[in-house]
Amino acid sequence: MRVEPVAVDYSMWKLLAWTGPVFFIGFFCMWGLLADNFPPMAANTSPQDMWQHYKDLRIPIMVGMSVCMVLGSCYMAFGAAVSRVMRRIEGPEGMLSNLEMMGATITYCPIVVACGIWLVTAMQIDVLSPDMVQTAYYVAWMIIDLAYMVTSWQIIAAAVVFLRDKREKKLVPSWVSWWGFVTVASFFPVSLIPFFKTGPFAFNGLFNFWVAFPTWYVWIVSMSFFIIKAVRRIEIEDGAAQHADSAVHGHAPMAAAR
Amino acid sequence: MRRWRPHAEQVVTVVTKPQAAPLRRLPGVEGIWVFVAADMAMFAILFVSFMQGRLAEPALFEASRQTLDVNFGGINTLILLTSSWLVALGVVAVRQGRAERLPALLAAALACGLAFMVSKAIEYGGKLAAGITMLTNDFYMFYFTLTGIHLFHVTAGNVVLVVLWVKARNGAFTQDNCVTLECGATYWHMVDLLWIMLFPLLYLLR
Chain A
1 MRVEPVAVDY SMWKLLAWTG PVFFIGFFCM WGLLADNFPP MAANTSPQDM
51 WQHYKDLRIP IMVGMSVCMV LGSCYMAFGA AVSRVMRRIE GPEGMLSNLE
101 MMGATITYCP IVVACGIWLV TAMQIDVLSP DMVQTAYYVA WMIIDLAYMV
151 TSWQIIAAAV VFLRDKREKK LVPSWVSWWG FVTVASFFPV SLIPFFKTGP
201 FAFNGLFNFW VAFPTWYVWI VSMSFFIIKA VRRIEIEDGA AQHADSAVHG
251 HAPMAAAR
Chain B
1 MRRWRPHAEQ VVTVVTKPQA APLRRLPGVE GIWVFVAADM AMFAILFVSF
51 MQGRLAEPAL FEASRQTLDV NFGGINTLIL LTSSWLVALG VVAVRQGRAE
101 RLPALLAAAL ACGLAFMVSK AIEYGGKLAA GITMLTNDFY MFYFTLTGIH
151 LFHVTAGNVV LVVLWVKARN GAFTQDNCVT LECGATYWHM VDLLWIMLFP
201 LLYLLR
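Protein chains in written order, with my numbering: chain A, 1 to 258; chain B, 1 to 206.
Simulated from the structure, these hints should not be mistaken for laboratory data.
Treat the hints with care, since some could be wrong.
[Said to hold, decoys possible] Here are the computed lysine to any residue pairs in the SDA-like style, where the Cα-Cα straight-line distance is at most 20 Å: (1) Lys197(A) <-> Ala136(A); (2) Lys14(A) <-> Gly239(A); (3) Lys169(A) <-> Glu30(B); (4) Lys197(A) <-> Gly53(B); (5) Lys197(A) <-> Glu30(B).
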């Protein structure tokens with residue numbers, strides 16, 4: 001039985017690629033600006049001051065975290081778009097595109113759990129003791145930060161595949177892949193956050209917040225930009241290949257299936 | 001994929017032209033230099049943090065510094081410099097068409113890398129046995145974290161050296177194909193350079 005090739009839905013692919021910018025813009029505004037996490041409340045803040053912080057910012061934190069729990073899923077959708085572009089390079093049997101998609105998907109889990117904890121802390125502030133607020137605040141930070149290795153696998157997989165791209169002009173430039181390795185390297189000191197409440201290795205510290213997070217953000221923004229461009233390029237490549245094929249075999253162009 | 005192919009007359013032109021001096025090029029690929037620059041910038045941020053801490057508590061930092069064994073630091077410096085030199089010799093050997101020397105040079109460089117790890121383990125063991133941890137005070141926080149992050153780089157570098165050694169034994173590197181070797185060597189030199197900055201900062205600076 002002859003199996004007809006299935007048409008590639010470029011529109012859906014483009015839509016998923018655009019979820020990257022939705023994630024990073026939305027998270028920046030809702031988590032960072034609205035919920036007042038630039039800079040985040042310091043790890044050495046007293047329980048009473050933490051309680052007051054949540055009391056004062058109850059509604060902004062609730063709105064910000066609620067939206068982040070929804071928008072965080074865009075990271076997963078974006079990972080699916082990146083994975084599909086990677087598959088064009090490593091082929092259908094490649095495992096790294098799967099690893100990238102799983103990494104992006106599981107990265108959403110600590111995001112949604114941590115935002116959920118911050119949300120409930122704000123929601124229940126009137127019935128929580130200051131010590132409970134502090135504990136909840138720490139729990140969320142430990143979860144969102146120390147899950148970095150899952151994201152690292154995602155970034156490493158993407159970097160390796162895009163570096164292997166044989167195109168004269170790669171779909172994703174090499175510097176983005178190398179920046180991915182930098183991002184992974186910047187993540188490892190995050191393992192120190194349980195041990196320090198002040199200094200560069202606290203979760204709000206110079207290194208573990210102001211270096212590690214922006215480094216990851218640069219990767220997300222640059223990867224989003226080039227994935228959106230890559231989908232357009234792949235669509236053009238497929239179109240050219242179909243025309244070449246129809247010119248050789250003398251039949252009408254048909255939808256590409258890869 | 002379309003590739004540029006020279007026409008016959010262009011080839012003739014190239015051949016008949018007088019030999020120009022070979023163009024200088026960046027060793028390895030551009031990306032490794034992006035990585036090196038960014039990684040060193042991160043270390044620079046940590047060095048600045050250390051100096052800020054030192055300015056805030058000069059007496060504590062000086063008293064803690066004096067508990068470090070300068071001999072360990074000095075020996076580790078020599079080990080890494082030797083290792084870096086051996087890798088550089090390997091790259092030069094390949095460029096000069098003597099790739100058969102590379103596996104032995106890389107093996108020796110790897111031995112130095114492993115020796116550094118052993119030395120560091122002994123040094124850490126001594127500190128921990130004396131009840132000193134990264135939570136003891138801010139100096140030791142920087143001592144353990146900076147040298148620990150560096151040790152992580154050394155470990156990764158040793159893995160790179162193993163990969164290069166296996167490739168070298170299989171004859172993967174030639175005069176015309178040594179970009180991967182150059183990338184690995186560049187990374188290893190960066191690890192060496194970072195230690196050369198760490199050693200005086202932690203062990204010698206009064």
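Do the hints match the structure? See the list:
| no. | hint | in the structure |
| --- | --- | --- |
| 1 | Lys197(A) <-> Ala136(A) | 15 Å, holds |
| 2 | Lys14(A) <-> Gly239(A) | 16 Å, holds |
| 3 | Lys169(A) <-> Glu30(B) | 15 Å, holds |
| 4 | Lys197(A) <-> Gly53(B) | 15 Å, holds |
| 5 | Lys197(A) <-> Glu30(B) | 38 Å, violated |
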